[in-house]
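K.L.:
Single-letter residue listing:
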Amino acid sequence: MGRRAFFSGQPANWMSLRQGLLWIFLVGLTGCGTADPPQFGLNRLAMRTGEVNEEHRQQIADILTAMFGTPDDPFMARAEQAANSDYDVSQDAFLATSGLDLAKLQMAAGSVASDRSGTGRGLFREHCVHCHGIGGDGLGPTAPFLNPYPRDYRQGKFKAKSTELAAKPTRDDLYGVLERGIPGTSMPSFKLLPSQEIDALVEYVKYLSLRGQTEVMLVNALFDLDEGEPIPLDQEFLVGEILSPLTATWEEAEEYVIHPPEPPEMEPEESIALGRELFQSAKANCVKCHGTLALGDGQRDDYDEWNRAYVDLKLEPSDIAAMGALPIRNIHPRNLRLGIYRFGRRPLDVYRRIHAGIAGTPMPGVGPATPGAEGTLTPDQIWHLVHYVRSLPYDELSPVGEPPSEVTRERL
Amino acid sequence: MTPAADGFAGHSPFITTFLNIGNYVTQQQHSSWPHWWAVLLCATAFPLIWVGGLVTTHDAGMAVPDWPTTYGYNLFLYPWQSWLFGPWDLFVEHGHRLLGAAVGLITLATACAVWRAETNSLVRGLAIALACLVVFQGVLGGLRVRLDARWLAQLHACVGPAFFALCVTMFVVTSRSWKNMSRTLPSEGSSGINSAASLALLLAYLQIVLGSFVRHASWDMLPALFRATVVLHVVLGIGLAGQASYVAWRVLWRRTSPRPQQAAAIAVVALLAAQLALGVAAWTVNYGLPFGWGQHGWLAGHLVTARGAWQSLLTTAHQANGSLILGTTTLIALFAWRESWNAGRESAPSTAVLNGATS
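So the sequences go chain by chain: A and B. Our numbering applies: residue 1 is where the first sequence begins, and numbers increase by one. Our numbering applies: residue 413 is where the second sequence begins, and numbers increase by one.
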């Protein structure tokens, strides 16, 4: 670059001698080597549960790469795919079937950077990967310290949602969690991020979840194959039997949003009193876990589904560690007198929690499992419980029935 | 004097030459220019570390994809409106580069001033080392961008505090207090401070290195390794606090310690207390409350806000304060080493050697 250009203040081409010298230095410093691009790992739990052999593990890894690409390039492994004539379906078809927005995925994937306008890239690695891991397995470096553990997206189960228990969360549900965060946990609020960046992260979470569920379905598909038979690579199987049904569950989520009826017209005190009775009753059975005083001091030795998967395998702690998993933890019921509602404090939010339960946890739903069916409690009764639960932070502790447990006494 | 001529056991020739500066001072006019340049260097290097910390906190290292240019512009000619009123990441990264360039120029000026005014070969060597290190550090920062390599960012983050410690060293060895120490005799009870101070200095830097592993944790770092790193960081932090407090107590208890060393001893205790609090705070604003506190009482309402002001301020402050602790322990250790050397000189068997040393 000439001296005139140097002082002109205009963009200049510095690529010449300077760059040559730089790269000579680089080669010396890095030993000509560069780090391998990140890859998604296999779901070790699914592989162990399905007793998948090495050959099938490699095939599943290859199929997933062909379908979903890599952490740097979602749905962009076309070059590799073109070289592999075994697939009779393009990655474009996988992308189209998934219903995901490639532009958003590209914004969230890859290494961290931003352009001159401040638009970020690599958002997942910037904000999420240190807890949730590169593949969304909840096994990022910081995970052991966090309580609760970071969510493993690969099962497609999410706690904070407005939909029925078995349904996927809506886009707004995921956006809301990212925007509001979850108080009392390590899940931050990203409200200071531009909305398009939160949107991109939501899309990437869906991508990781879809990919993780696809992996589990491929493992399940092995049970229908003869020994040594490879997994089919045709469109009918990969798209028709695997990806399409999974995508449909995400697309149908809006249909399963819980829309409660209006609360019954009565004095709040009356509704709260009815709620208190229901809370203590065997019908709702809230006291089993939350305790008679709703201090969360009932059953405290249960597990969520992410931990229970390892409990069911009856593995030693050393075996669990060898699988790269975190030590098993019990799930503790919420102390409802704190007035902290992790998934939303509005009456509507609490109604949905009680109606549908919390996916992946022992918290059951007491509303009808499907619209039109009969639930354990009627909508009016659920509203009474909502009013009672929301009154608890302002309620004086008044033991009912048996004396407080040891845990309760400690808390009192 | 030749290093071999002093005959003091227990000191390497290099250190002996370095610590013998005062003998040269008696032979020549003292120039304060190198010291004032060193003051300016420290005063600019510390903000540079702070801004560098901001770059890491906001993951803004790749906000400018080219280097040494900024979006094709010469570094100094990038439109200031685009810098000041542009995106935050760009503001921080380009600002870090500008400040880094300024520190580089000040380092070179300091080196020139030292070269002109000092005759001690090791002080001159220190000046050259500073100049080389600042260039190396700049290139490291550039390579981090050109290669998009996070491990280079971590190395860059470890070299920065080492450079700052060398700046403090230059600040000390060009000071009048240091040069006057050649005439100060050690007092009773001084023995042992130098080794204790050396250990504190080593721990302070080790803490910075461990902290860099926490700050720059890669996506593929094993959770168990991260946990071990954090636990070690906490344990060593407590160890450093104990060791540095012990050194500070020894320095202050004697009452005859040099005043800069006394001031540094008080400062390091205050900085360490702040650092422990900042460490807990930095963890809390990034990952929530530690030790399961987030499950209880009103603490259950604690919410982490990504990229919030507290997260930015406290995390960066914890990192920058680590460099301040390194700087103060460096100062304490330098005076302790010097005193130890003086003690060795006083206990030397022959005054002829001393005479030879000053001739």
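Worth double-checking, as some hints may not be accurate.
To be verified - Label-pair distances were calculated between CB atoms; the ranges are:
id	chain 1	residue 1	chain 2	residue 2	range
1	B	R671	A	P393	53 to 59 Å
2	B	C544	A	P194	41 to 47 Å
3	B	A721	A	R57	55 to 61 Å
4	B	A721	A	S195	27 to 33 Å
5	B	V643	A	P364	36 to 42 Å
6	B	A721	A	D115	23 to 29 Å
7	B	L496	A	E305	24 to 30 Å
Derived from the structure by calculation, the hints contain no laboratory data. We put the CB at the ideal spot given by N, CA and C, even for glycine.
K.L.:
Give a verdict on every hint.
P.N.:
Do the hints match the structure? See the list:
Take B/R671 and A/P393: their Cβ atoms lie about 57 Å apart, and the range 53 to 59 Å holds. For the hinted restraint 41 to 47 Å between B/C544 and A/P194, the CB-CB distance of approximately 42 Å keeps it satisfied. Against the hinted window of 55 to 61 Å, the Cβ-Cβ separation of B/A721 and A/R57 comes to about 47 Å, which falls outside the hint. Roughly 20 Å separates the CB atoms of B/A721 and A/S195, a value that falls outside the hinted 27 to 33 Å.
Restraint check, B/V643 to A/P364: a C-beta distance of roughly 38 Å satisfies the suggested window 36 to 42 Å. The hinted window of 23 to 29 Å between B/A721 and A/D115 holds, with their beta carbons roughly 24 Å apart. For the pair B/L496 and A/E305, the beta carbons lie near 51 Å from each other, so the given range of 24 to 30 Å is not met.
Consistency note: the structure conflicts with the earlier hints numbered 3, 4 and 7.
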